[in-house]
Structures are given as C-alpha cells and as structure tokens.
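Asker: Letter by letter, the chains look like this.
Number of protein chains: 2
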Amino acid sequence: MPRRRQIPETYPSKIVSNCSDMVVLPSMKFSISHTDSQSKARRGRIETEHGTIQTPVFMPVGTAGTVKAVHQYELETEVKAQIILGNTYHLYLRPGTEILQAAGGLHRFMHWNKPILTDSGGYQVYSLSATRKIKEEGVEFASHIDGSKHFFSPEKSMEIQRFIGADIIMAFDECTPYPCDYNYARQSMELTHRWLKRCQAYLDEHAPLYGHTQTLFPIVQGSTFKDLRRISAEHISEANAHGNAIGGLSVGEPAESMYEITEQVCSILPLQKPRYLMGVGTPVNILECIALGVDMFDCVMPTRNARNGMLFTADGIINIKNKKWERDFSPIDSSGLCSSDGYYSRAYLRHLFASEERLAAQIASLHNLSFYLWLTHEAGKQIEAGTFYSWKNKMVPRLQHRL
Amino acid sequence: MPRRRQIPETYPSKIVSNCSDMVVLPSMKFSISHTDSQSKARRGRIETEHGTIQTPVFMPVGTAGTVKAVHQYELETEVKAQIILGNTYHLYLRPGTEILQAAGGLHRFMHWNKPILTDSGGYQVYSLSATRKIKEEGVEFASHIDGSKHFFSPEKSMEIQRFIGADIIMAFDECTPYPCDYNYARQSMELTHRWLKRCQAYLDEHAPLYGHTQTLFPIVQGSTFKDLRRISAEHISEANAHGNAIGGLSVGEPAESMYEITEQVCSILPLQKPRYLMGVGTPVNILECIALGVDMFDCVMPTRNARNGMLFTADGIINIKNKKWERDFSPIDSSGLCSSDGYYSRAYLRHLFASEERLAAQIASLHNLSFYLWLTHEAGKQIEAGTFYSWKNKMVPRLQHRL
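Top to bottom, those sequences are chains X and U.
Add 975 to a position in the first sequence, counting from 1, and you land on the number used in this note's numbering.
Add 975 to a position in the second sequence, counting from 1, and you land on the number used in this note's numbering.
I should point out that these hints are in silico values taken from the structure, not numbers from a laboratory.
Hints are supplied without guarantee of correctness; some may be wrong.
All copies of an identical chain are treated as equivalent in the list; a pair is satisfied when it fits inside any one copy or across any two copies.
Straight-line C-alpha distance at most 27 Å; calculated DSSO-like pairs for lysine-lysine [stated by the list, open to error]:
1) Lys1299 to Lys1124
2) Lys1015 to Lys1124
3) Lys1172 to Lys1248
4) Lys1055 to Lys1356
5) Lys1004 to Lys1248
6) Lys1356 to Lys1248
7) Lys1055 to Lys1201
8) Lys1043 to Lys1296
9) Lys1124 to Lys1298
10) Lys1296 to Lys1015
11) Lys1296 to Lys1124
12) Lys1356 to Lys1089
13) Lys1369 to Lys1131
14) Lys1298 to Lys1004
15) Lys1043 to Lys1004
16) Lys1124 to Lys1108
17) Lys1356 to Lys1131
18) Lys1043 to Lys1055
19) Lys1015 to Lys1055
20) Lys1004 to Lys1172
Isolated chain X, as found in the complex (with noise of 0.2 Å):
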C-alpha cells in the first residue's frame, strides 16, 4: 500500500508553537489561465502552503474534523479532495481549541495534509436561532450538546480558528434568514462590516501558530436585496482580501434569486481573487454559479444525501432506496468516477440501504463526493476548452433527470 505510506512521509515533521518572532509567511496566490467568452466562468488555481487547489472547486465538509464516512485517504485518492472545510462552531465544541493545539493543529490531528478551510462559526450560531443572542460585542448562544453558554465574538472566532490552523479562514458574519426584513438585513450587514475589522485587527496582532499562513476572506451579506448587497460587495472588495465570500444564500430563497445575487455580487467583486459562494449546493446550482463567475463551493449536500440514499450522477438522480433498483446488477455509475461506482451494483447497494448497512452511506458518500470533484474539475477542463458554456446548457437538464 505505497501510497498511504506515502503520506507520514510528507507530513510536516514539526511544528511552530509560538510565531510572535516569525517572518511574514508567503500570501496565498491567486491566477486565472482561462477566462470563458461566453460567459463569466474561469479556471484558475489557488496556491496554498498545503498545496495547489485548481478551480473551480468543490470543496466537502468535514463538520467535525472529518468528512463523514469517508476516510481521510480515500478523500484524497478516490474523491481527488483538493481542499475540505471545517466547521469552527463544532470543533470549538469537540475536540476544544486545547487539544486542536496540542496536536499542531487540525491538519496534523485528523492527519490532512491538503488545504483546510474554515467557517468562522457565524452561520452554525445563525442556526441556533432559539438559543442565540447577537449583540454588537458578538453572539451569546447555547451549546447543541450540553446546553452550556457560550460566546463568539469577531476575535474569539479568529483565535478559535488560529487554534485550528486552516489554510483559508473565515470572517466573523451575521448570516441572515430568508426571508429576511430589509431594516434588518441592513443593520446586520452593517454589523458584519463592522466585525471585518475586528477580524483583522484581531489577525493583524496575533501571528499564526503553526508555521504556515492563514488567509482571511471576508464575507458579503446583504439577503435578497440587490442595494444592500451593492453596498455590502463594494465595501467587501475595498477591504482588499486575497479571496472574497458570498454568504446569505441557499438559506431558502428561490433559486433565480441566488443567481441574481450572485451575478451581482461577482460583478463588482474583484476580478483577480477567488470568490466562495458559501453552502452552494445542488450540481446544477454549481454550474449555474461557475457560470456567473463563482471558484469555490461548499455544501453538505453530497454527503447528507448520500446518508439517504439519493446519488447523483452526470445522467441524473437516482433514489437508490426505490424498488426499482432492487434487480439491477449493473454498476452504481458506469462512468467509474471511484473505484466504489464499478465495484458494486446497484442492487447490493439497494440492499444495504434496505438493511441499514454502515457501508450503504460509505459507498454512497464516496460516490456523490466523487461526482461533486468530477463535476468542477470537468468545468474547468471545459472553460480551458472553450466549451464550458454548451457544455453546461448540455448538462443542466440532465443532471436534473429523476433515473
């Protein structure tokens, strides 16, 4: 087994507990080789300290310090994960800053050695809607284990995420309901302004821990209304971050209104940094978005699905739970995009849903992961082409097809 045995090898030997005396660590890069004619999509790549991510990207969710059902080294030989998220508000939770910190950080402690990015807690604390209050100092909210109270701020969510060490690192945001008041979602913009700058001093006077550079993009709210999301994308790009978020969508409005903001906000964002629309979400939501000039994706959709049995596949959606599969010894996907897809059939994949098998979600984790990497990267393949845009066109009603 050479390659996992591989890995300890280039694993970083040591690490740099206390960096107040450091140099300046090298800034995250940002290059795009091809630009679409027919529409605003582009392939770039991001480098990284952990490595070089090509874009666009799918990026899966490791809530808890790991991507569920899914080995840390299968993300990177069967899925080809270029970079995975973690979520601040849980690992805040379990395993706790102390322990991320004794073990170098959660790279070393989950043992993956590509680039982490990390939510700043913001949206999890939004959804604790019965138990939070948000005042201007920050958000007082109550633990979905225990029950006990706690507090984020601006600063205690960047030093949460210093102790965690991801590459790319979040700004503290309000991330607003939908539908939302417009007097609300104007106060609530502004108060993630203001919280951007906590973020930064806060960045500016605490060093990194662990030897390498965190970047810190900030996130433009705003909801649905396209003023305030003007106001709130032109104060994000002045900010001039290497990397910029949208945030405040797939929360429940229509899809058209994503895309509508989601063309705007790209508009006026910088041209020359990645964009990361955040918690987005179905495949062809993914390439509507690559699209309107979108790089980076996350969703909790390829795996929560997967958990209920609905795989996606470049010919469409298929409900492995339905009798109809119960007889179809042909191989989950044909196209083979993991080794998992050609290895077992449909039918014995049906069964093990059927009798609530672990390795049901395991299969099908590893193959809508696979799928979501697939489905980026052949963007990409396909703007460098030229062809992204009928490409796209070609595959929207497809990949919507119920098999």
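Go by the hints and put chain U onto chain X.
Answerer: Only chain U this time, still in chain X's reference frame:
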C-alpha cells in the same frame, strides 16, 4: 489504484444457473503441514474453488452480505481476510433468495471472490426464543424485521444455502441455551442428528447452482454434558464430512467449561478434517482453543466491540472512549497491522467516538479485524516454528491486560 481494478478482472465471468447435468465438482481439501508437540495445535490449509485458507483462521462475520462498516476491498487488502461468514437467516429475509439467485449467488452479489461460509439459520432462530416453535419437522419463527411468520427445516436451510452459494455450508441444528436441562439437551442433540441426515439427503438430490462445490459441515451439540458431547462427536465423526463444527458453546457457559468440552470433542473428531468452533470468541479464547486443536473461528466480537470503542491489541485492550486517550497523539497501534493504525492517532479516534462520527466505527472495525487475522496468522507461524505453546502462554496474560 491497480489493486481494486484487478478484482473485477479475476471475477468469474459466467455462472452456471442449472447444474442438474453437471459432472461431479472437486471436493474441498484439507492438509496439515505442522502439528505442535506441546499442544494439539495444527497448521494447515483448506483448498476451495474460491481460494486457499491457511489455518488456524479467523472468519469475519458479514451478517447481511457486508462485514459491518468495512469495504470488501479493505477486507482483502487491509484485514487480509481469507474467508468471511454470511448468515442464512439474515440473507433469507434480506435481500431474499430470489435476488441472490438472480445475482448469481452471494459472491457475485457482494463482490467477494474468496471463500464464504454460511451458518444454517439455526443459531439465529434459537436466538429468537420468544417467537419460535421447534418441532420434528423444523422451526416456525417470526421475522425480527416485520413479525412475518416463516418456517425453516433442514431441507429449507439447505435450499437457501444453495441459493446463497457459500463454499462451506452448515447443517441445520438446534443450539441449546446455557444452562440447559439434561433431558432437553439430549433430545435436542438427537434432533440435530436426525436433521443432519435430512440435510445430507437434500444435498445429495440437489446440485449446487453456481458451478462450485458447497461442502457441508455437521455440528456437534450436547450442551456442557460430557456424555452427550461424546455421543454427538462420535455420531458426527461417523458422518465422514470434509469438516466438522462444534456448536452450542460461547452461549454463556464459563470459559473453563468451553475449553473442557472443546478439548473432549477435538479428541474424538477425526484428526485429518478441519474443526470449526462456532461463535468463539475473545483473543484469549481463540489461542486456548487453537491449542486444543481448533482450526476455524468466527465471532462478532471484533466488529461489535469496535463499534463500542473497544480495541484489541497485542499489548491488551483499549477502551478508546476513555478520557486518558484525549491527548495521546501516538498511533492507534504502533505495530501497524492495518494502514489506519499508523494513520490516525488515539486522540483523533477518541474524538470521533465522542462526536459519534461514522468514521469511528470504520477505523475501529478495520483495526480489530486486522488484529484478529494477525493473531490467527501469527499462531500458525508459531506452530510452524515449534514455538506456539510458549508464545501462547506469554500472550494470554498480555491480551487480557487493560491499557
């Protein structure tokens, strides 16, 4: 990933669905290469049409056509399983014999091209003590899934095992509980003996379905009564099968009683046939019973205990949920029996269990199965080297140590 791609190529490309006019298939072969001078331990090999099994051997349990939380290719390349078990009762209920037949048998259905052994359903039916009725003809029972009524007879069990198509199939028996009334144990043993004749008669009249041999192992019963065990072992020996099993142990009796009965039965069963001790056991049980002349073992303990956070190692037992491992960033098992052992730390695995993440059971199951396979493989090497007995006596206290 060449190792995975190879598997479909070596997979049988056609199946024989109607074998009524087939020539006689080759018999399973067993040969003993070494016997231990200080104990009854033997080193041997079983040859089947799906490959060779080195004995002593531990057989992972794949209840419903999957060893819980473990991929088939991991069983092959990581765990180094030589043969796995399927459960007739579970496979009969799901996916059912029609689908198994349409798939071309269990090997093809689950994509496992090495040997398989199936139990007869007798043990599971015995476990359903509240809902089953045992008669001379067979056993009526209610499904644990939907309460539907079913009837297993020796003929029905053989018919189902023909549809499953395992290389080694078990006679339909009654497994008595512990403790057991003497008269009940005697009557039950006699019933098991009469049922054996019916199993043999069915198999004589019905050829295997998929073009490979299915070898019947009869089962010695008799509870913990030495005179009944002697009668049963003699009766089973006279059946002149290619292998023999010891049932009705590991059902709650003291370990000393299990060893005493195993020793007695092994002294009666033919030397030149493999001996399978059903449902046993802990690592210590396995080493002690190898010393008594047992060749084959199966047990849910490595996988079930893995899901509860108990890890078996050559240095003792780890309860990975214990707080003492919270900051132990050393490998799960430094002896590195499988890739995961060196890949993940104890602290990380503990975190996965604390967070109830699926990867926890996946890692722990891989580890425990790899350990059980290592243990029986190492026992074989020690028998070859003539050092088994002293090695076993050194290992027994270590294996019971709580780390």
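Asker: Work down the list of hints and note, for each, if the structure agrees.
Answerer: Status of each hint after checking the structure:
Taking identical chains as interchangeable, the C-alpha atoms of Lys1299 and Lys1124 lie at most 27 Å apart only when they sit on different chains, with a minimum of 26 Å there against 49 Å within one chain. For the identical chains of this complex, Lys1015 and Lys1124 are neighbours neither inside a copy (45 Å) nor across copies (63 Å), given an alpha-carbon limit of 27 Å. In this assembly of identical chains, the alpha carbons of Lys1172 and Lys1248 lie at most 27 Å apart only when taken from the same copy (19 Å versus 78 Å across copies). For the homomeric pair Lys1055 and Lys1356, the shortest alpha-carbon distance inside one copy (15 Å) is at most 27 Å, but the shortest distance between copies (39 Å) is not.
For the identical chains of this complex, Lys1004 and Lys1248 are intra-copy neighbours only, at 9 Å inside a copy versus 68 Å across copies, given an alpha-carbon limit of 27 Å. Taking the shortest alpha-carbon separations for Lys1356 and Lys1248, only the intra-copy value of 20 Å comes in at or below 27 Å, while the best inter-copy value is 61 Å. Taking CA atoms no more than 27 Å apart as the test, Lys1055 paired with Lys1201 passes in neither setting, with 37 Å inside one copy and 60 Å between copies. For the homomeric pair Lys1043 and Lys1296, the shortest alpha-carbon distances inside one copy (20 Å) and between copies (19 Å) are both at most 27 Å.
In this assembly of identical chains, the alpha carbons of Lys1124 and Lys1298 lie at most 27 Å apart only when taken from different copies (23 Å versus 47 Å within one copy). Proximity of Lys1296 to Lys1015 under the C-alpha cut-off of 27 Å is found in neither arrangement, the shortest distances being 38 Å within a copy and 50 Å between copies. Taking the closest pair of Cα atoms, Lys1296 and Lys1124 come within 27 Å of each other only across two copies (25 Å); inside a single copy the shortest separation is 41 Å, beyond that limit. Taking the closest pair of Cα atoms, Lys1356 and Lys1089 come within 27 Å of each other only inside a single copy of the chain (22 Å); across copies the shortest separation is 40 Å, beyond that limit.
When the C-alpha separation of Lys1369 and Lys1131 is checked against a cutoff of 27 Å, the pair qualifies neither within a copy, at 46 Å, nor between copies, at 53 Å. In this assembly of identical chains, Lys1298 and Lys1004 lie within 27 Å of each other by CA distance neither inside one copy nor across copies; the values are 50 Å within and 41 Å between. With identical chains, the CA atoms of Lys1043 and Lys1004 are never at most 27 Å apart, being 30 Å at best within one copy and 44 Å at best between copies. Proximity of Lys1124 and Lys1108 under a CA criterion of 27 Å is satisfied intra-copy only: 11 Å inside one chain copy versus 56 Å between copies.
For a Cα distance limit of 27 Å, the shortest separation of Lys1356 from Lys1131 qualifies neither inside one copy, at 40 Å, nor across copies, at 57 Å. Proximity of Lys1043 and Lys1055 under a CA criterion of 27 Å is satisfied in both settings, with 16 Å inside one chain copy and 25 Å between copies. For a Cα distance limit of 27 Å, the shortest separation of Lys1015 from Lys1055 inside one copy, 25 Å, qualifies, whereas the shortest one across copies, 51 Å, does not. Proximity of Lys1004 to Lys1172 under the C-alpha cut-off of 27 Å is restricted to the intra-copy arrangement: shortest distance 22 Å within a copy versus 76 Å between copies.
The structure fails hints 2, 7, 10, 13, 14, 15, 17 (numbered hints given earlier, in ascending order).
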